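Chains A and B, in that order, give the protein sequences. Taking my numbering, I'd label the letters of the first sequence as residues 11 to 453. Taking my numbering, I'd label the letters of the second sequence as residues 11 to 453.
Honestly, the hints are just simulated from the structure, not real lab data. It is possible that some hints are incorrect.
If chains are identical, the list can't say which one is meant, so a pair holds when it fits in one copy or spans any two.
Quick list of in silico lysine to aspartate or glutamate cross-link-like pairs, DMTMM-like style, CA-CA up to 20 Å [unchecked claim]:
| hint | residue 1 | residue 2 |
| --- | --- | --- |
| 1 | 61 | 78 |
| 2 | 378 | 250 |
| 3 | 366 | 428 |
| 4 | 433 | 345 |
| 5 | 136 | 394 |
| 6 | 395 | 137 |
| 7 | 101 | 152 |
Just so you know, these numbers come straight off a predicted model, no measurement behind them.
Each chain, letter by letter, is given below.
2 protein chains.
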Amino acid sequence: MRLSQYFMPILRDDPKEAEIVSHRLMLRTGMVRQESAGIYSWLPLGFRVLKKIEQIVRQEQNRAGAIEVLMPTIQSADLWRKSGRYDDYGKEMLRITDRHDRDMLYGPTNEEMITDMFRAGAQSYKDLPRNLYHIQWKFRDEVRPRFGVMRGREFLMKDAYSFDYTADGGRHSYGKMFVSYLRTYARMGLKAIPMQAETGPIGGDLSHEFLILADTGESEVHFDRDFYDMDWSEFTIDYDDPQAVSAIVNDYTSKYAATDDMHVEADFHARVPQDRRLSGRGIEVGHIFFFGDKYSQPLDCFVQTAEGGNVPILSGSYGIGVSRLAGAVIEASHDEAGIIWPEAVAPFDIGLINLKAGDSATDAACDKLYGELSSAGLEVLYDDKDDRAGGKFARMDLIGLPWQIIIGPRSLKDGNAEVKNRKTGERENVALSGIVSRFAKQG
Amino acid sequence: MRLSQYFMPILRDDPKEAEIVSHRLMLRTGMVRQESAGIYSWLPLGFRVLKKIEQIVRQEQNRAGAIEVLMPTIQSADLWRKSGRYDDYGKEMLRITDRHDRDMLYGPTNEEMITDMFRAGAQSYKDLPRNLYHIQWKFRDEVRPRFGVMRGREFLMKDAYSFDYTADGGRHSYGKMFVSYLRTYARMGLKAIPMQAETGPIGGDLSHEFLILADTGESEVHFDRDFYDMDWSEFTIDYDDPQAVSAIVNDYTSKYAATDDMHVEADFHARVPQDRRLSGRGIEVGHIFFFGDKYSQPLDCFVQTAEGGNVPILSGSYGIGVSRLAGAVIEASHDEAGIIWPEAVAPFDIGLINLKAGDSATDAACDKLYGELSSAGLEVLYDDKDDRAGGKFARMDLIGLPWQIIIGPRSLKDGNAEVKNRKTGERENVALSGIVSRFAKQG
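Given only the sequences and the hints, what does the whole structure look like? Please build it.
This is the structure in structure tokens:
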């Protein structure tokens with residue numbers, strides 16, 4: 011993409027309303043724009059990040075055997091009355107009356123609807139287990155939305171729902187999601203620590219939150235330093251092997267980690283030696299629940315057993331805040347100059363800077379390289395604008411693409427470009443002729 | 011995907027509420043499920059079709075130089091009051107009051123919001139032209155939603171918005187979308203005839219609707235039979251060449267075609283010889299508008315000219331009904347046995363039928379082929395269920411995948427499978443060893 015033809019409205023100054031760094035940087039780089047309190051548009055740069063995060067989440071859900079569907083944003087109040095949550099949810103639920111005076115609502119979550127959908131489509135224990143998920147906008151009418159997309163009112167969530175016949179099967183389904191979450195966050199360069207959590211309005215007795223550490227997090231967290239030293243890279247897993255799945259779950263849950271709600275200081279002391287006890291703040295980027303028949307009972311979601319009887323389906327739900335993750339990644343990865351995108355979620359792979367736009371030799375070299383990199387499947391933001399070098403450098407550092415390629419008349423004389431790694435700051439002169447193969451290999 | 015692990019709740023009987031064939035087939039095949047009047051969930055089979063359509067629309071928008079963003083579903087009423095449309099829209103607009111008693115609405119379209127967003131991000135004529143689009147759920151509170159996803163209340167729309175400095179530039183932007191729409195529909199196997207159209211609540215004086223012919227269409231249409239004989243396949247185009255773009259626009263608009271609203275019988279007679287005059291019904295699958303400064307004036311969307319003055323930006327908007335297209339394709343392509351998916355939007359490429367699930371030789375042959383086809387990048391729905399052959403055939407015809415591969419003990423003896431083309435009904439015995447290469451080539 012040529013910057014001269016793009017829409018990336020960078021703000022000259024830091025926006026005053028931003029209290030945390032991700033909010034500040036997302037507004038400054040023109041990733042998002044607030045349309046109303048807690049409601050954002052995703053401009054081109056932000057949209058690309060959102061889609062990359064969504065795609066990683068989707069791939070890992072599919073890999074774990076979940077099947078994608080798409081439920082609507084607007085729901086009837088009927089099912090929520092049946093489950094008893096219509097009143098429970100309080101003012102956070104956006105309630106709507108349609109033209110025929112029917113009570114509707116903007117879904118804050120989908121346990122009721124998916125349970126009803128599954129009930130209609132599954133008859134027998136042979137139709138189990140299943141896991142259905144969707145990636146859809148939700149609305150929670152927070153009394154005080156803030157921190158940009160980190161605590162918005164309209165937000166993109168992936169929510170999966172498992173349906174099982176037996177308690178053991180349900181635990182396996184829960185474990186598969188647990189493991190897939192570890193893989194999902196690892197692919198985005200995040201260390202998300204699973205912590206025992208309260209189940210809140212979703213219900214059930216088994217629940218974990220996944221939190222990444224950041225000073226701006228909304229929760230106080232207490233955990234074993236060992237989490238730092240674990241291997242957080244992607245690992246391979248046979249999801250169909252319950253033992254393999256539960257081994258990983260055990261590995262990550264045997265160490266102490268709890269949010270303030272669930273924290274018991276005496277346990278912490280008993281289980282973790284003093285030099286390994288850490289407390290800090292965390293951002294919730296996922297929350298999983300196993301709640302058994304909490305919804306299948308009131309919503310009549312039963313299946314026939316092999317013996318001809320009827321039993322309620324056992325379920326769990328599994329959420330990832332997709333839009334929130336865009337902010338969470340920035341909280342975890344930035345410096346004073348701006349964002350530092352991990353490669354997997356960067357809006358572009360490479361920023362190509364033409365230091366002297368308008369100079370025919372420099373233009374020709376940049377245009378050629380831009381074409382070649384693009385043909386090799388690399389996503390390049392090509393700064394072909396006629397601005398001063400200092401402004402170009404600052405802008406490219408601000409938006410934080412993993413790699414910069416800088417071409418000006420001086421480097422061109424030697425047939426070189428300068429390649430800069432945004433994260434380490436390392437710079438290197440590389441022959442123009444070798445650049446495509448260098449990045450094509452890495453990409 | 012193994013059918014035994016999928017979620018595809020086929021209805022045994024035709025649903026009574028369905029008045030048109032696409033609605034009937036989408037419900038019967040378990041593609042969608044009605045959650046409330048005019049509000050649907052997309053089950054796994056339907057979701058795959060929706061995503062394929064969305065992806066074709068996206069690719070053709072990108073190809074035409076439009077840049078993707080994502081605006082929220084919930085909007086503040088403020089901008090709509092500025093443009094004057096808050097009252098105009100009447101009861102079709104879903105109006106919402108949030109917990110702080112602010113007037114909100116579920117966006118039925120986005121002219122106001124995108125104009126305001128663009129105003130904030132563009133200062134000078136050098137920031138033009140641009141075209142920004144998004145693919146997002148919309149809500150129109152139709153008094154009588156019907157025909158399934160063809161006239162739903164919550165629906166997925168692609169809406170693009172062009173921003174130009176000059177009237178000529180605006181015409182070029184309009185032409186690019188016009189041409190991209192022809193390409194988009196052609197890729198889905200649809201002949202969508204562009205017709206002069208009324209501009210309605212969007213406004214402006216230049217507008218075309220794209221309609222596909224179907225008896226169940228909501229509009230009466232009148233057109234030159236020559237449209238039948240035109241080349242509707244994809245064509246290549248240099249979008250940056252205004253002459254090339256307008257040549258195609260002229261080619262498709264020089265022949266008579268009008269919806270009833272715009273139809274003038276005398277013109278029809280004057281321009282089309284009697285034997286080429288056709289009238290019928292059509293389904294609207296796209297609508298494009300050029301409305302100049304209708305929104306930029308009230309919303310203060312001005313840019314600085316080269317001379318230092320200020321002029322309002324000239325705009326158009328360009329919509330495609332993404333969810334509606336799933337129904338429209340079925341209206342255009344089905345037979346008595348069910349849906350006939352064009353390859354580009356089929357939920358799977360191939361349906362693999364195991365005629366004797368449980369028989370070890372047949373299972374082994376089918377499992378092997380399923381693995382090989384999947385590895386070759388083909389999307390296969392593998393019917394591994396223990397049902398009778400007749401039911402399997404009927405089900406596979408009903409869901410309408412382009413190709414069926416049928417394997418039973420008898421064909422296996424000769425090392426063969428039967429390959430059936432869903433559209434033509436042609437069947438052929440093919441050696442198992444040659445099947446992957448045959449489809450890998452086609453796919």
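Tested hints:
Proximity of residue 61 and residue 78 under a CA criterion of 20 Å is satisfied in both settings, with 16 Å inside one chain copy and 11 Å between copies. When the C-alpha separation of residue 378 and residue 250 is checked against a cutoff of 20 Å, the pair qualifies only between copies, where the shortest distance is 19 Å, while the shortest distance within a copy is 48 Å. Taking the closest pair of Cα atoms, residue 366 and residue 428 come within 20 Å of each other only inside a single copy of the chain (14 Å); across copies the shortest separation is 63 Å, beyond that limit. For the identical chains of this complex, residue 433 and residue 345 are intra-copy neighbours only, at 9 Å inside a copy versus 58 Å across copies, given an alpha-carbon limit of 20 Å.
Taking the shortest Cα distances, residue 136 and residue 394 sit within 20 Å of each other only across copies (13 Å), while inside one copy they are farther apart (60 Å). In this assembly of identical chains, the alpha carbons of residue 395 and residue 137 lie at most 20 Å apart only when taken from different copies (11 Å versus 58 Å within one copy). Proximity of residue 101 and residue 152 under a CA criterion of 20 Å is satisfied intra-copy only: 8 Å inside one chain copy versus 27 Å between copies.
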